[in-house]
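So you can see what is in the structure, the chains are spelled out below.
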Amino acid sequence: QITLKESGPTLVKPTQTLTLTCTFSGFSLSTSGVGVGWIRQPPGKALEWLALIYWNDDKRYSPSLKSRLTITKDTSKNQVVLTMTNMDPVDTATYYCAHRPGWSGYYTTFDYWGQGTLVTVSS
Amino acid sequence: DIQMTQSPSSVSASVGDRVTITCRASQGISSWLAWYQQKPGKAPKLLIYAASSLQSGVPSRFSGSGSGTDFTLTISSLQPEDFATYYCQQANSPFTFGPGTKVDIK
Chain P
1 QITLKESGPT LVKPTQTLTL TCTFSGFSLS TSGVGVGWIR QPPGKALEWL ALIYWNDDKR
61 YSPSLKSRLT ITKDTSKNQV VLTMTNMDPV DTATYYCAHR PGWSGYYTTF DYWGQGTLVT
121 VSS
Chain A
1001 DIQMTQSPSS VSASVGDRVT ITCRASQGIS SWLAWYQQKP GKAPKLLIYA ASSLQSGVPS
1061 RFSGSGSGTD FTLTISSLQP EDFATYYCQQ ANSPFTFGPG TKVDIK
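Taken in order, these protein sequences are the chains called P and A. So the first sequence is residues 1 to 123, counted in the numbering used here. So the second sequence is residues 1001 to 1106, counted in the numbering used here.
Same shape as in the complex, but just chain A (with noise of 0.2 angstroms):
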């Protein structure tokens, strides 16, 4: 099966700051990726599918990229609000979770 990793595990950031989330499937898995935000004792939220489609309602503020292996979710400008654990997943079967980053407060 194919293993999901996510570095860093967790980043201290200040509002403002540009934040990248790194993704690493264990083998490519073409652009079949998707990013969730979540926060404390609250659903997961979708913010991109296909790897680099915005859902709709989720400020542009936020950006994915990558294909293959290799994927990032990139926040250009940290908001308060966007202090939370973001997911990746494989978008195809089996849907796997990568095991979350968590941005906190600086």
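Here chain P stands alone, though its shape is the one from the complex (with noise of 0.2 angstroms):
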């Protein structure tokens, strides 16, 4: 089955560049129209999605976010990573990875989630 887990810092002080991976299985992320996207929502808060990466390495990011965001795979290991720099308090949230299924053609959908992790940004 499709499992999916994120880690990396649970704190990071402000300006700095938060890197978080994302370790899956169950799937190929160079199977044709897999995809692994990340999504974050801040406490008590809405869903924000952050970016998205292609099995062909096309990648597509937030608009408000694409300046500070990079994701990048690792299709040996298994695992996508993304950065974020100069990282601010209002970035404070819980980061998810997401399976986005080969079957879903134009449409992205997201339909296994990782369990999260929390990203507290303090000084």
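Hints are computed from structural coordinates only; laboratory data are not their basis. Everything numeric in this text was worked out from a predicted model, so none of it was measured. C-beta atoms are modelled at their ideal positions from N, C-alpha and C, and glycine is treated no differently. Treat the hints with care, since some could be wrong.
As the list claims (entries may be wrong) - Pairs of lysine to any residue, SDA-like flavour, derived with a Cα cap of 20 angstroms:
#: 1; chain 1: A; residue 1: Lys1045; chain 2: P; residue 2: Asp111
#: 2; chain 1: P; residue 1: Lys59; chain 2: A; residue 2: Pro1094
#: 3; chain 1: A; residue 1: Lys1042; chain 2: P; residue 2: Lys59
#: 4; chain 1: P; residue 1: Lys45; chain 2: A; residue 2: Met1004
#: 5; chain 1: P; residue 1: Lys45; chain 2: A; residue 2: Asp1070
#: 6; chain 1: A; residue 1: Lys1042; chain 2: P; residue 2: Pro42
#: 7; chain 1: A; residue 1: Lys1106; chain 2: A; residue 2: Glu1081
#: 8; chain 1: P; residue 1: Lys45; chain 2: A; residue 2: Lys1039
#: 9; chain 1: A; residue 1: Lys1102; chain 2: P; residue 2: Ala46
#: 10; chain 1: A; residue 1: Lys1039; chain 2: A; residue 2: Leu1054
#: 11; chain 1: P; residue 1: Lys45; chain 2: A; residue 2: Asp1104
#: 12; chain 1: P; residue 1: Lys66; chain 2: P; residue 2: Asp88
To be verified - Chain P is faced by these chain A residues, among others (derived, beta-carbon under 10 angstroms):
#: 13; residue: Tyr1036
#: 14; residue: Ala1043
#: 15; residue: Tyr1049
#: 16; residue: Gln1055
#: 17; residue: Pro1059
#: 18; residue: Pro1080
#: 19; residue: Ala1084
#: 20; residue: Tyr1087
#: 21; residue: Gln1089
#: 22; residue: Asn1092
#: 23; residue: Gly1098
#: 24; residue: Pro1099
Hey, can you piece these two chains together into the complex? The hints should help.
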């Protein structure tokens, strides 16, 4: 079955760079149509999509955060890495990675999610 | 960028009630919409994709409809496990989520 798990620091200081790793199993990121996305959720607030990487290394970013985000994949390790620069307290949130199924065609939905990791930005 | 809105922001309902949640896109998005359910402390769960297709394993009391700018999620007979927050998501980049609708117990 498909599983995803986020890992990274739980606390970062303002202006630092956050690096999160999504380690997954049950699918290959070299399969046509498959992707892995990152979504975050500040405490008590709504979901916010951040980035998506496709099987062919095509990438999409949230326009409002594009200058701060980089998403990469390591297919051999079954990992996707998200980096976010210049962290601020408003970036405090639970960060999720999620699977984009290959069957979804032009639609992008997320059918499997990790448990999420809470990242707090504070000095 | 396309903005997603949802109404109501919260709804109080009883077990057995029919509940309808609306999602509106600021521009037409054809049927490029998904719906998710999220319970406190848990990751979201995909319910509906392509506006009206039921995700595998999701009970048939959930249904989705709409196209263009206006979409609805309907729960035909609310069950105790359905009390949660529901989000719509635009399925074309950027993959914007709506602000959510909380369904709680009346």
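Comparing the hints with the structure gives:
1. A:Lys1045 / P:Asp111: Since the Cα atoms of lysine 1045 of chain A and aspartate 111 of chain P sit roughly 7 angstroms apart, the hinted pair holds (cutoff 20 angstroms).
2. P:Lys59 / A:Pro1094: Holds: lysine 59 of chain P and proline 1094 of chain A sit about 11 angstroms apart, inside 20 angstroms.
3. A:Lys1042 / P:Lys59: Violated, at roughly 27 angstroms.
4. P:Lys45 / A:Met1004: 15 angstroms, holds
5. P:Lys45 / A:Asp1070: 23 angstroms, violated
6. A:Lys1042 / P:Pro42: At roughly 13 angstroms apart (the allowed maximum being 20 angstroms), proline 42 of chain P and lysine 1042 of chain A satisfy the hint.
7. A:Lys1106 / A:Glu1081: 14 angstroms, holds
8. P:Lys45 / A:Lys1039: 13 angstroms, holds
9. A:Lys1102 / P:Ala46: Satisfied, since the Cα-Cα distance of roughly 11 angstroms is no more than 20 angstroms.
10. A:Lys1039 / A:Leu1054: 19 angstroms, holds
11. P:Lys45 / A:Asp1104: 16 angstroms, holds
12. P:Lys66 / P:Asp88: 15 angstroms, holds
13. Tyr1036: 8 angstroms, holds
14. Ala1043: 4 angstroms, holds
15. Tyr1049: At about 5 angstroms, which falls below the 10 angstroms cut-off, the nearest Cβ of chain P leaves the hint on tyrosine 1049 of chain A intact, so it holds.
16. Gln1055: Since the shortest Cβ distance to chain P is 7 angstroms, the answer is holds.
17. Pro1059: Because about 16 angstroms separates proline 1059 of chain A from the closest Cβ in chain P, which is outside the 10 angstroms limit, the hint is violated.
18. Pro1080: Status violated, d = 23 angstroms.
19. Ala1084: 13 angstroms, violated
20. Tyr1087: With a closest approach of 6 angstroms, the tyrosine 1087 of chain A hint holds.
21. Gln1089: 7 angstroms, holds
22. Asn1092: 7 angstroms, holds
23. Gly1098: 7 angstroms, holds
24. Pro1099: With a minimum Cβ separation of about 5 angstroms from chain P (threshold 10 angstroms), the hint on proline 1099 of chain A holds.
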